[in-house]
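S.K.: Just so you know, the protein sequences line up as chains U and V, in that order. So for the first sequence, the working numbering puts the first residue at 1; every next one is plus one. So for the second sequence, the working numbering puts the first residue at 1; every next one is plus one.
Warning: the hint list may mix true and false statements.
Identical copies carry no separate label here, and so any pair may be met within one copy or between two of them.
Claimed, not checked - For lysine-lysine, the following DSSO-like pairs were computed, each having C-alpha atoms within a straight-line distance of at most 30 Å:
| no. | residue 1 | residue 2 |
| --- | --- | --- |
| 1 | 78 | 181 |
| 2 | 181 | 204 |
| 3 | 57 | 178 |
| 4 | 59 | 181 |
| 5 | 198 | 178 |
| 6 | 180 | 198 |
| 7 | 198 | 23 |
| 8 | 198 | 181 |
| 9 | 181 | 23 |
| 10 | 78 | 178 |
| 11 | 180 | 23 |
| 12 | 27 | 198 |
| 13 | 78 | 180 |
| 14 | 191 | 220 |
| 15 | 180 | 59 |
| 16 | 180 | 29 |
Because the hints were derived from the structure by calculation, they are not lab data.
Below are the chains, spelled out letter by letter.
Protein chains: 2
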Amino acid sequence: MPKITVVKNILDANDRIAEENRKIFDKEKIYVLNLMSSPGAGKTSIVERTIAVLQGKYKIGVIEGDIQGSADAERIAKLGVPVVQINTGGACHIDGNMIREALPGLDLTQTDLLIAENVGNLVCPAEFKIGENVKVMVLSTPEGSDKPAKYPLMFQQSEAMIINKIDLLPYVDFDMAKAKKDALTLNRNLKIFEVSCKTSAGLKDWFNWLSERIESFRSK
Amino acid sequence: MPKITVVKNILDANDRIAEENRKIFDKEKIYVLNLMSSPGAGKTSIVERTIAVLQGKYKIGVIEGDIQGSADAERIAKLGVPVVQINTGGACHIDGNMIREALPGLDLTQTDLLIAENVGNLVCPAEFKIGENVKVMVLSTPEGSDKPAKYPLMFQQSEAMIINKIDLLPYVDFDMAKAKKDALTLNRNLKIFEVSCKTSAGLKDWFNWLSERIESFRSK
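Given only the sequences and the hints, what does the whole structure look like? Please build it.
M.R.: What follows is the structure, encoded as structure tokens:
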């Protein structure tokens, strides 16, 4: 009887592909940001604002992950940066293999920072590595301050949390102290930014933090 | 060599369990609502408001689906209705089997309306039947009007969409006409309610629609 090989865990298989992606990124000195959140928390706005400020300093490429369509990729393309749209065709996250398939669409020798905007989902994306240097999540104030306690993995896996839409604080029930406390209980090293893409409040700290991370990576 | 049975599709297996649940619900004349949305769109608030208005008319039971914790179940229990908390332990949706496991926690002979609040996720819950009579989704205005085009399955699978947080319309970029048009393009029979759980605007239409559905089911 022929030997049957069982791939024990789809996550193990994904980890191997993510590591291969990582080797490619290391060879080309590309810092990779995996940006995750619920639908509509403001990922694309953060990508737009980040590109506007950092594109003088770094060559930026973007991978947009969506179930279907290319609306976000069209927003990003207007900023003059190369962008590849992944359509997951129903899948609720991007994974290592999708990123590998997307790479031929970018000139990696001309990329310092690669931003991968994940599918809007506060659960599944946190489980799948893509070969990133850093996972960053966005939580928007209208979602409520109970989210860390209810969706813990995303908060545990992320190195930084951007709390977006602070301009809406007067109109929504969002307990900032509770959200931060609960997130830090899950992940005591989590770096937290309070921002509004509408008013620009707090964004400078995020840009500086990301720049420092990129510099530290490039100087290795 | 023994025959190997391959369950082709996890969704096929789930469908079978959902049908078994449905038989139980039909036998007990229980109308089952599967309520779905992104995290923080306001599902629990809608459940609370619905219970407050309909509990004089129907015996209501609730199943709360969360990855972990029981915060929402505690909110519902305060209203004096039986509630079972499902902790999915990481899974991004509730499915037929989880509902089956939850049923012994409810007195089905004393239930007219069973509300199952799904895990907050605009993608995966739409794929899994639980034995419901109706799937209803919530879209909140801060999520943005681009959601139907980006997360089509949820809009296609739902019979009704509750657009919640219309009190925030002056403060967010939400194109109501576009959201409705795009949703109706995906699902031309979709019933749409514009509501605010904060101000109570529009909720009466939702209560009436749900009551009519329950009455129609009970008169069969």
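S.K.: For every hint, state whether the structure bears it out.
M.R.: Here's how the hints hold up against the structure:
1. 78 / 181: between (38 Å within a copy, 25 Å between copies)
2. 181 / 204: within (23 Å within a copy, 37 Å between copies)
3. 57 / 178: neither (36 Å within a copy, 37 Å between copies)
4. 59 / 181: Neither: 36 Å inside a copy, 38 Å across copies.
5. 198 / 178: both (23 Å within a copy, 21 Å between copies)
6. 180 / 198: Both: 21 Å inside a chain and 24 Å across chains, each within 30 Å.
7. 198 / 23: Result: close neither inside a copy nor across copies, 37 Å intra and 51 Å inter.
8. 198 / 181: Both: 25 Å inside a copy, 26 Å across copies.
9. 181 / 23: Neither way: residue 181 and residue 23 sit 36 Å apart in one copy and 45 Å across, limit 30 Å.
10. 78 / 178: between (38 Å within a copy, 22 Å between copies)
11. 180 / 23: So residue 180 and residue 23 fail the 30 Å test inside a copy (34 Å) and across (45 Å) alike.
12. 27 / 198: Intra 37 Å, inter 53 Å, cutoff 30 Å: neither.
13. 78 / 180: between (34 Å within a copy, 27 Å between copies)
14. 191 / 220: Result: close within a single copy only, 22 Å intra versus 57 Å inter.
15. 180 / 59: For residue 180 and residue 59, the Cα distance exceeds 30 Å both inside one copy (33 Å) and across copies (39 Å).
16. 180 / 29: neither (33 Å within a copy, 45 Å between copies)
Checked against the numbered hints above, the structure breaks hints 3, 4, 7, 9, 11, 12, 15 and 16 and satisfies the rest.
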